[in-house]
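All chains should be modelled from the sequences, with the hints used to inform the complete structure.
Here the sequence shown stands for residues 39 to 494, numbered as in this note's numbering.
Hints in this document: simulated from the structure, not taken from any laboratory. Do not take every clue at face value.
Below are the BS3-like pairs computed for lysine-lysine, each with C-alpha atoms no more than 25 Å apart in a straight line [to be verified]:
1) Lys115 with Lys133
2) Lys133 with Lys401
3) Lys335 with Lys86
4) Lys115 with Lys335
5) Lys115 with Lys461
6) Lys460 with Lys128
7) Lys374 with Lys350
8) Lys128 with Lys397
9) Lys115 with Lys180
10) Lys133 with Lys86
11) Lys232 with Lys187
12) Lys122 with Lys180
13) Lys350 with Lys115
14) Lys335 with Lys374
15) Lys133 with Lys350
16) Lys115 with Lys397
17) Lys335 with Lys397
18) Lys122 with Lys133
19) Lys461 with Lys122
20) Lys460 with Lys122
21) Lys460 with Lys115
Pair by pair, the computed Cβ-Cβ distance ranges are [stated by the list, open to error]:
22) Arg258 with Pro112: 47 to 55 Å
23) Asn194 with Leu470: 35 to 43 Å
24) Val114 with Ala454: 23 to 31 Å
25) Pro104 with Trp482: 43 to 51 Å
26) Asn218 with Asp257: 35 to 43 Å
Backbone N, C-alpha and C fix where the C-beta goes; we use that ideal spot for every residue, glycine too.
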Amino acid sequence: MKVYLPILCAILFCAGCSTTGRQLAYDNTVQVAKRPFSDTAELGWRVKTFWTEETSAVWRRYISFPLLSLHDIPDVKPVPAPMKRTVMSKWLRRKTGPPAEGTARLLLNGENFFPQFEESIRTATNRIDLKTYIFDNDDVAKQTADLLKARSHEINVRILYDSFGTRHAWDVNAPSLPTNTVYEVDDMIRYLEKDSGIELRRACHTLLTSEHSKYFLIDRRIAYFGGMNIGREYRYDWRDAMFELSGPVVGALETNFERSWTLASGDTFTLFKLPKPHAPDYSGTNELYLTPTTPMKAYLYRGQLRAIEHAKQSIYLENPYLWNSSIVYQLCAARKRGVDVRVTIPRDVNHGIGIAANKLTVKRLLDNGVRVFVYPGMTHVKAAVYDQWACFGSANFDDLSLHKNYELNIFTDNPAIVCQVKKDLLEGGQRLSTEIHDAGEISWMDTFTASLSQYL
Numbered sequence: 039m040k041v042y043l044p045i046l047c048a049i050l051f052c053a054g055c056s057t058t059g060r061q062l063a064y065d066n067t068v069q070v071a072k073r074p075f076s077d078t079a080e081l082g083w084r085v086k087t088f089w090t091e092e093t094s095a096v097w098r099r100y101i102s103f104p105l106l107s108l109h110d111i112p113d114v115k116p117v118p119a120p121m122k123r124t125v126m127s128k129w130l131r132r133k134t135g136p137p138a139e140g141t142a143r144l145l146l147n148g149e150n151f152f153p154q155f156e157e158s159i160r161t162a163t164n165r166i167d168l169k170t171y172i173f174d175n176d177d178v179a180k181q182t183a184d185l186l187k188a189r190s191h192e193i194n195v196r197i198l199y200d201s202f203g204t205r206h207a208w209d210v211n212a213p214s215l216p217t218n219t220v221y222e223v224d225d226m227i228r229y230l231e232k233d234s235g236i237e238l239r240r241a242c243h244t245l246l247t248s249e250h251s252k253y254f255l256i257d258r259r260i261a262y263f264g265g266m267n268i269g270r271e272y273r274y275d276w277r278d279a280m281f282e283l284s285g286p287v288v289g290a291l292e293t294n295f296e297r298s299w300t301l302a303s304g305d306t307f308t309l310f311k312l313p314k315p316h317a318p319d320y321s322g323t324n325e326l327y328l329t330p331t332t333p334m335k336a337y338l339y340r341g342q343l344r345a346i347e348h349a350k351q352s353i354y355l356e357n358p359y360l361w362n363s364s365i366v367y368q369l370c371a372a373r374k375r376g377v378d379v380r381v382t383i384p385r386d387v388n389h390g391i392g393i394a395a396n397k398l399t400v401k402r403l404l405d406n407g408v409r410v411f412v413y414p415g416m417t418h419v420k421a422a423v424y425d426q427w428a429c430f431g432s433a434n435f436d437d438l439s440l441h442k443n444y445e446l447n448i449f450t451d452n453p454a455i456v457c458q459v460k461k462d463l464l465e466g467g468q469r470l471s472t473e474i475h476d477a478g479e480i481s482w483m484d485t486f487t488a489s490l491s492q493y494l
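What follows is the structure in structure tokens.
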């Protein structure tokens, strides 16, 4: 309670400053009454995680990294065999349950995703379920909203959105729009509700916990899964990726959506209506492991650490927010083992704190021999390949995504999917980027600002 009260007071003080402030105040007061047991449990776990991670971060900064710097940087040499498949498959089965069968097709950037997504909305025959962190109020979001409103009079349409992420986005213009642009829609949620049959629920959580996963289900037949929200940035401005999924994995995502939909109703409804975990219809070799983060389950964090620690050949990753010190340390340690480690980050990070945080990360990586590529703009891609295993979805490499938010990624060693992620997505990003060899000058303000990122 001593931890919660100062934060609550600060939120209430800022509540009148912006849409975001008012939403934070609502989430941490009114919404707490709907989830008294869940929020209390999450708060306790957050406190435990905070002290564990803080202790580990201090150890890495003053002990682990200095010791690692004593080792020379070896040449990257061909290794005939990658990590054993069972290193990941057994661990994933134990933590996340059996895999679901399915196929995945990369849809790179908004120009490839949005037209297909909109056509799927137009041709849906049964139901549409959307789970998104942001449903913006710009022209692209309005176009999607109009399609959904029209279809809601013919089929079932449900939207589960994160209240904080959505309302914060309304206060920020996309880079391709002038600063003084006047939107046709002020409040997108009211617009979606007006004269429509859409069912909407907001995922509200305390202490900046967000429902950050993004996937869109069409007719229980296909799913669009990845890092894109509904807004102009994702359609025109940023590099990003979605995957079109088909097969039994769509049923697993359906169950995940139903659980999230029920949890958004509050603790009372959850006791009686929470659906049972999905039993995958699995009969093939296209194994897709749905791997979550929740405030009390850091499976995605631990899974990616495990993959980095056991990689023998190569690690390629692309992510806008590479701030978690455990991940950065293990990437450096992998390079010191002789693994080919390559990282792609954006030049234009969309959060001011990210510029300083990424700068310090880049210095750590370069000092330990990791190859760093800087994309000329904003890349919002969240993907990695560890030897023969690919991982993609909604999660960043920051503490919010790895410990606090509700996230969902997919691990798979299906060769066709891994090839798409590595060759088309990650190596494609490297070709569009500039490899750098110097992190540049780091000021005391950069160091201070970057230290704040450890709490985000």
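Going through the hints against the structure:
For a cut-off of 25 Å, the pair hint linking Lys115 to Lys133 is broken: about 33 Å separates their Cα positions. Annotation: proposed proximity of Lys133 to Lys401 is violated, straight-line Cα distance about 34 Å (limit 25 Å). With a C-alpha separation of about 13 Å, the suggested pair Lys335 and Lys86 falls inside the 25 Å cut-off, and the hint holds. Using a Cα cut-off of 25 Å, the hinted pair Lys115 and Lys335 is violated, with the two alpha carbons roughly 36 Å apart.
Only pairs whose Cα atoms come within 25 Å are accepted, and Lys115 paired with Lys461 is accepted, the gap being roughly 20 Å. Between Lys460 and Lys128, the direct Cα distance comes to roughly 23 Å. Compliance with the 25 Å bound is thereby established for this hinted pair. Taken as a hint, the Lys374 and Lys350 pair is honoured in the structure, with Cα atoms around 11 Å apart against an allowance of 25 Å. Restraint check for Lys128 and Lys397: not satisfied, since their Cα atoms lie roughly 36 Å apart, outside the 25 Å limit.
Between the alpha carbons of Lys115 and Lys180 the distance comes to roughly 52 Å, so the proposed pair goes past 25 Å and is violated. Restraint check for Lys133 and Lys86: the C-alpha separation of about 20 Å stays at or below 25 Å, so the hint holds. Restraint check for Lys232 and Lys187: satisfied, since their Cα atoms lie roughly 9 Å apart, inside the 25 Å limit. Between the alpha carbons of Lys122 and Lys180 the distance comes to roughly 48 Å, so the proposed pair goes past 25 Å and is violated.
The suggested pairing of Lys350 with Lys115 holds, with an alpha-carbon distance near 10 Å, which does not exceed 25 Å. Under the criterion of a C-alpha separation no larger than 25 Å, the hint pairing Lys335 with Lys374 is inconsistent with the structure, at around 30 Å. Restraint check for Lys133 and Lys350: satisfied, since their Cα atoms lie roughly 23 Å apart, inside the 25 Å limit. Restraint check for Lys115 and Lys397: not satisfied, since their Cα atoms lie roughly 28 Å apart, outside the 25 Å limit.
Under the criterion of a C-alpha separation no larger than 25 Å, the hint pairing Lys335 with Lys397 is inconsistent with the structure, at around 29 Å. For the suggested pair Lys122 and Lys133, the alpha carbons sit about 18 Å apart, so the restraint of at most 25 Å is met. The hinted pair formed by Lys461 and Lys122 meets the criterion: a straight-line CA distance of about 22 Å does not exceed 25 Å. Pair hint Lys460 plus Lys122 holds up; C-alpha atoms about 19 Å apart against a cutoff of 25 Å.
A hinted pair counts as satisfied when its Cα atoms are at most 25 Å apart, and Lys460 with Lys115 qualifies at roughly 19 Å. The given range of 47 to 55 Å is respected by Arg258 and Pro112, whose C-beta atoms sit roughly 50 Å from each other. Between Asn194 and Leu470 the beta carbon distance is about 40 Å. The supplied range of 35 to 43 Å therefore holds. The hint said 23 to 31 Å for the Cβ distance between Val114 and Ala454, and at roughly 26 Å that hint holds.
Distance hint check for Pro104 and Trp482: the Cβ-Cβ separation is about 20 Å, which falls outside the suggested range of 43 to 51 Å. For Asn218 and Asp257, the hinted distance range of 35 to 43 Å is satisfied, since their beta carbons lie about 41 Å from each other.
Figure legend: structure checked against the earlier numbered hints; hints not met, in rising order: 1, 2, 4, 8, 9, 12, 14, 16, 17, 25.
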